[in-house]
Amino acid sequence: MEKILNVHQLTKKFRQLNAVDQLSFSIEKGHVYGLLGPNGSGKSTTLGMLLNVVNPTSGSFQWFENKCATQEALKKIGAIIESPNFYPSMTALDNLKLVAKIKEIQQPDYEATLRLVELWDRKDEAFKNFSLGMKQRLAIASALLNKPAILILDEPTNGLDPKGIRQIRDIILQIAQSGTTILLASHLLDEVEKICTHVIVLQKGKMIYNGKVDEMKASYGFIELASENQEQLVQLLQNLPEVKDINQTEYKFVKAILKSELKPAEINQLCFEKGIVLTHLQWKKDTLEDNFLALTKSENHA
Amino acid sequence: MRRLLSIELFKLKFSKSAKVLSIIYFLLFFTTAIFSMIKFKFGDFEFQLAEQGIFNFPYIWHFNTYMVALIKIFLAVVIVSMVSSEYTNRTLKQNFIDGLSKKEFVLSKFYTILVFALVSTLLVFIVSLVLGLIYSDYNEAGIIFSDLHFLLAYFIKLTAFFSLCMFLGILIRKSAFALGFLFLLLIIEAIAMISLRNEIPWLSNFFPLESMANLIKEPFTRFNVVKSASTAMGTDFSRDVKTYWYEYLIPVGWTFVFIFGSLKVLKNRDL
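Respectively, the protein sequence lines represent chains H and F.
Just so you know, full-length UniProt numbering puts 105 at position 105 of the first sequence, and the rest follows in order with no gaps.
Just so you know, full-length UniProt numbering puts 243 at position 243 of the second sequence, and the rest follows in order with no gaps.
Heads up, a few of these hints could be off.
Stated by the list, open to error - For lysine to aspartate or glutamate, the following EDC-like pairs were computed, each having C-alpha atoms within a straight-line distance of at most 20 Å:
#, chain 1, residue 1, chain 2, residue 2
1, F, LYS93, H, GLU104
2, H, LYS252, H, GLU231
3, F, LYS93, H, GLU82
Calculated from the structure, these hints are not laboratory results.
Sequences and hints are given; from them, build the entire structure.
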């Protein structure tokens, strides 16, 4: 598989704080990666280092298997980090023309790019008059102008209203479906869940998970039960081979985490046979959010 | 080089403040010239600056480059704001992300500085030549084209000064503070010059602003009216107004310091 990016032991220290701590991962062509972590976990710092605007304290990274210098590599990348930054008094089109000059793009297709983000009709309007959603879409257009080998987005839906968020996500999905490699940094789990195939989870600068999104989601879910006779119920569940773990933290409910398939009907049957009357029975599939919270929580205790 | 220059000029083309200030600069430029041509009437006494010999070749080269250099502050504001606005709009960061190297960024600004200095020098040359041809008492080619080293000095002076402005803009990031610091530097140099006057008087030649000032020394004591007045009063006002070779080198040296300093600051700073 063609490697687009290789990161090795990348570290950034701000005085005492380890903003990014020995981060290593790689990005392969054609996948959509999510860089997930709460605010302040080092996502933006990581992207800043990869994009040559933050100097790493130690460690290294190579773009495109080191076939070209970072500066040249950046011209093949489309990236927007944090807020969309453009020249306020220039029009949308002029801003893109400047980007084309900087990136040395031969024959940029302004119309197709601006149409993709639905800004072609507003191309002659000054950037400063744009709404945040429009600014963000222009940023995506500018990142796509060079038909990039990888698109890097940092919190692209931050601060947008629901309609704007939807619009941006649709555009990103459209780009992903066209086969462009994407690295998306976000603190929003459902965003990563909806868009990405792979996820790298950061917490306090450390990587705590790196793998496929599907694998991060628990595949069999859990069953939530309640009964007048809770002790007996727990005893029964403990003896079931399908149950991995039992969680009684929540008031009244018993949570049985599954390691293989177990239908709610089967449990109901078993309980009925043992004379346990269930007052509540619900099968739930874990969301990425639960896993994410579990991951970050266990790291906290460690 | 052409790519970098076209990038920077494209940015400037859409900057309102850059346009307004440049227009003010060039208006002032011509106003200074036209002002000298006006005849003042005080009752029966008629006075015209142009007829007092200030437009005589080759003195005009000295006088005009000195006078016009005084209004360079207007272009300096353009230079400072074209650097600091990249910080305030955060476009500096985006430029780097888009693949412009830090060296290219500094060079694109420096090439623009060279263009400004060159255009200004050319204008001084043309305006002085025209004024001289109208008013000068001497019109021999040999005299007209003597003392042209003032134009070289003018060019170096502007380039060094604008490079200082660029450096301050990159270092300080806010245009108002950068310009404030420029004035502070002027005051610091003046105080240092006064306090070192007796111990190490030559040191002031190496101060950045003083070294730029030394490129074109004041032209007034060379002025005919002043000369004749001083002889009449029996005092000698004449001072050494010649520019020595090392006085060209010091500001050129500072220009390099400012360019490499700008690059160093950008490279070490996390954006």
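**Q.** Straight-line alpha-carbon gap H:LYS252 to H:GLU231, limit 20 Å
**A.** 11 Å, holds
Q. F:LYS93 and H:GLU82: Cα distance at most 20 Å?
A. Roughly 11 Å separates the two Cα atoms, so the pair holds.
Q) Keeping to a limit of 20 Å between CA atoms, is the pair of F:LYS93 and H:GLU104 held or broken? A) 18 Å, holds
Checked against the numbered hints listed earlier, the structure breaks none of them; every hint is satisfied.
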